[in-house]
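Go by the hints and put chain D onto chain U.
There are 2 protein chains.
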Amino acid sequence: MSPLDAPVQAPSSAPEVLGRCRELVRPALAEAVGRLHPWVGEMAAYTFGWCEVGGAPAVAPGGKGVRQALAVLGAEAAGAAGRAGVAGAVAVELVHAFSLLHDDIMDGDATRRRRPTVWKAYGTGPAVLAGDALFALAVETLAVEPGGAGAVRVLSAALTDLVRGQADDLLFAARPWTGAERVSPKEYRAMAEHKTGALLGCAAALGATLGGAPAATVAALDEAGRALGVAFQLVDDVLGIWGDPAVTGKPVHGDLRERKKTFPVLAALAAPGPAARRLAALLDSPGETEAAAELVEELGGRAAALAEARRHTATARAALTAEPLAAGAAGELRCLLDFLVARDL
Amino acid sequence: MSPLDAPVQAPSSAPEVLGRCRELVRPALAEAVGRLHPWVGEMAAYTFGWCEVGGAPAVAPGGKGVRQALAVLGAEAAGAAGRAGVAGAVAVELVHAFSLLHDDIMDGDATRRRRPTVWKAYGTGPAVLAGDALFALAVETLAVEPGGAGAVRVLSAALTDLVRGQADDLLFAARPWTGAERVSPKEYRAMAEHKTGALLGCAAALGATLGGAPAATVAALDEAGRALGVAFQLVDDVLGIWGDPAVTGKPVHGDLRERKKTFPVLAALAAPGPAARRLAALLDSPGETEAAAELVEELGGRAAALAEARRHTATARAALTAEPLAAGAAGELRCLLDFLVARDL
Numbered sequence: 001m002s003p004l005d006a007p008v009q010a011p012s013s014a015p016e017v018l019g020r021c022r023e024l025v026r027p028a029l030a031e032a033v034g035r036l037h038p039w040v041g042e043m044a045a046y047t048f049g050w051c052e053v054g055g056a057p058a059v060a061p062g063g064k065g066v067r068q069a070l071a072v073l074g075a076e077a078a079g080a081a082g083r084a085g086v087a088g089a090v091a092v093e094l095v096h097a098f099s100l101l102h103d104d105i106m107d108g109d110a111t112r113r114r115r116p117t118v119w120k121a122y123g124t125g126p127a128v129l130a131g132d133a134l135f136a137l138a139v140e141t142l143a144v145e146p147g148g149a150g151a152v153r154v155l156s157a158a159l160t161d162l163v164r165g166q167a168d169d170l171l172f173a174a175r176p177w178t179g180a181e182r183v184s185p186k187e188y189r190a191m192a193e194h195k196t197g198a199l200l201g202c203a204a205a206l207g208a209t210l211g212g213a214p215a216a217t218v219a220a221l222d223e224a225g226r227a228l229g230v231a232f233q234l235v236d237d238v239l240g241i242w243g244d245p246a247v248t249g250k251p252v253h254g255d256l257r258e259r260k261k262t263f264p265v266l267a268a269l270a271a272p273g274p275a276a277r278r279l280a281a282l283l284d285s286p287g288e289t290e291a292a293a294e295l296v297e298e299l300g301g302r303a304a305a306l307a308e309a310r311r312h313t314a315t316a317r318a319a320l321t322a323e324p325l326a327a328g329a330a331g332e333l334r335c336l337l338d339f340l341v342a343r344d345l
Numbered sequence: 001m002s003p004l005d006a007p008v009q010a011p012s013s014a015p016e017v018l019g020r021c022r023e024l025v026r027p028a029l030a031e032a033v034g035r036l037h038p039w040v041g042e043m044a045a046y047t048f049g050w051c052e053v054g055g056a057p058a059v060a061p062g063g064k065g066v067r068q069a070l071a072v073l074g075a076e077a078a079g080a081a082g083r084a085g086v087a088g089a090v091a092v093e094l095v096h097a098f099s100l101l102h103d104d105i106m107d108g109d110a111t112r113r114r115r116p117t118v119w120k121a122y123g124t125g126p127a128v129l130a131g132d133a134l135f136a137l138a139v140e141t142l143a144v145e146p147g148g149a150g151a152v153r154v155l156s157a158a159l160t161d162l163v164r165g166q167a168d169d170l171l172f173a174a175r176p177w178t179g180a181e182r183v184s185p186k187e188y189r190a191m192a193e194h195k196t197g198a199l200l201g202c203a204a205a206l207g208a209t210l211g212g213a214p215a216a217t218v219a220a221l222d223e224a225g226r227a228l229g230v231a232f233q234l235v236d237d238v239l240g241i242w243g244d245p246a247v248t249g250k251p252v253h254g255d256l257r258e259r260k261k262t263f264p265v266l267a268a269l270a271a272p273g274p275a276a277r278r279l280a281a282l283l284d285s286p287g288e289t290e291a292a293a294e295l296v297e298e299l300g301g302r303a304a305a306l307a308e309a310r311r312h313t314a315t316a317r318a319a320l321t322a323e324p325l326a327a328g329a330a331g332e333l334r335c336l337l338d339f340l341v342a343r344d345l
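Going line by line, the protein sequences match chains U and D.
For the first sequence, the numbering used here begins at 1 and goes up steadily by one.
For the second sequence, the numbering used here begins at 1 and goes up steadily by one.
Treat the hints as calculated values from the structure; they're not laboratory data.
A couple of the hints might just be wrong.
Computed cross-link-like contacts, SDA-like style, restricted to lysine to any residue with a CA-CA straight-line distance of at most 20 Å [to be verified]:
| no. | chain 1 | residue 1 | chain 2 | residue 2 |
| --- | --- | --- | --- | --- |
| 1 | D | K120 | U | G108 |
| 2 | D | K120 | U | M106 |
| 3 | D | K120 | U | L170 |
| 4 | U | K120 | D | G108 |
| 5 | D | K186 | U | P38 |
| 6 | D | K120 | U | G125 |
| 7 | U | K186 | D | P38 |
| 8 | U | K260 | D | G125 |
| 9 | D | K120 | U | G123 |
| 10 | U | K120 | D | L170 |
| 11 | D | K120 | U | K186 |
Please read these numbers as outputs of a predicted model, since none were measured by experiment.
Okay, chain U solo, but in the shape it has when bound (with noise of 0.2 Å):
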């Protein structure tokens, strides 16, 4: 049989990239979260979907799974196998499930997923406990790594970007709308990059360092998730405003309802004029949120966003190409890529 005869293996969906990334990596993030304190792991399980309050087994949806999808991929792109990127791929998805502990905690957030908040189902406390146990968890699961000192570092910058990016976002719902303490859109284009971009940037990084990548294809990784990060927020922001409630499960308007501070937001509030006054005294009102979503439009924000995750997705696109990857999985990777924002764009 020649090679042209044989069987054309069709390209993966997206879906079953994160399928098969997914069934890869739960068997060591499973064996992970049922070494914590039985407590901590059951707040941690929760957080995943795997069970209800009081531990009864649950199938809730959990998160999409892009970070570890990242991690098998990024150990596949520098020619390893998928397995490679698993210990990345569990500290990714420890690292992921404290953020969001900490952060519902902070923002004030009651649900998530359909779901109460862990902060909201066992205590404040409880909460920041589990939070810390699962940060703690991913340092030593790379740390015990052979070779993981590399491991770790690529962590530990990320951890770094990721609370600096919570702490401005934090500091944003308290600054004005306008005059010189507005945040400006490139302000909040590098809070993004740290609260969202680093750690998947982070993610794909650790795969190929763990697969054993020279450190250009591991700064090209780091890119490419870097890009796609901010790519998705800035996607996701529209979404904020203009998704539809059925298939967001947000109300309509939502982010302009509870006035984030978001990109279409600010980069409308950037544009010279009178309409941008008009905007920032329509957010400074209660209600009026159909008249500024309209507004925001008008004045070019929404078209802002979406060009500037286009322009994201574009540099993720060209850092995929800057260094040689395995085709197979960088294939997989401009496909999770198209399926996270290009679709949209």
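Relative to the frame of chain U, chain D by itself:
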């Protein structure tokens, strides 16, 4: 000049040892804290007693600095210069500050060292964030050290223990004074070893690791620090009930007034006979603190705590002679041990 004619150097007192180590570590600790997000850095500086809320400089009492001293002395005990242990000292002080910040939230404590706790002064969300930032900074501090892989492993094991100890401590509060579900003195000791001992052991072990000590020396210093930590907690438990309020800064019988499940009380409750049942009844009634304190003492709770502390002090002493250590550092470690616990026994 024969060696016998050499001027005799008086051994340093414990406050001198603590002061010398603090001086050595302070610049690196300040530099690390200075790399934090400014808002988070202010909360960290407030925790260390370096500033007031708002950032104005302060000279509020920080801790004694036992952990940083153990790290410096651990390096010196391994025959290295004290500065070899400085990164370890910084990491353990950051972790200690992180744990105080988060524990104060979990325990609802409003004051620490006669000042409002961080969550009281800055809010719960910001205090959660500041703790996370200190945690991340601790890991980063060791991760970027040349040869820091072993050090990160040592720290990460202590972090896991710390969180486990805090989980048990929180759960103890909800358990009854009597019956099958009561907290045994043994469980309490394990909790204290995790919550307090692990980080002190980690401090000494980190110093030794960074100072290039062989594994057996690292293990011996870890054991000494752990045992010191447990002894320190037990002495603290005794002072928490019978300490002089003028010295402890806490009300008479403070821990008993708050119905804290500390070793003396648990040991008293474990005594056979009707008096222990009478004590449990007193503890379940409001007030009655004076009578309960007397009964805990009659039932041998105070003596049992002090005997247990002496056992752990002896363990720490023995660990310090189990492996060859540099004589000067070993002497200073014994001096710290006496200062912190033995003088009260």
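Verification of the hints:
no.	hint	result
1	K120/D with G108/U	holds, 17 Å
2	K120/D with M106/U	holds, 14 Å
3	K120/D with L170/U	holds, 17 Å
4	K120/U with G108/D	holds, 17 Å
5	K186/D with P38/U	holds, 19 Å
6	K120/D with G125/U	holds, 14 Å
7	K186/U with P38/D	holds, 19 Å
8	K260/U with G125/D	holds, 17 Å
9	K120/D with G123/U	holds, 18 Å
10	K120/U with L170/D	holds, 17 Å
11	K120/D with K186/U	violated, 33 Å
In terms of the numbered hints stated before, the structure departs from hint 11 and from no other.
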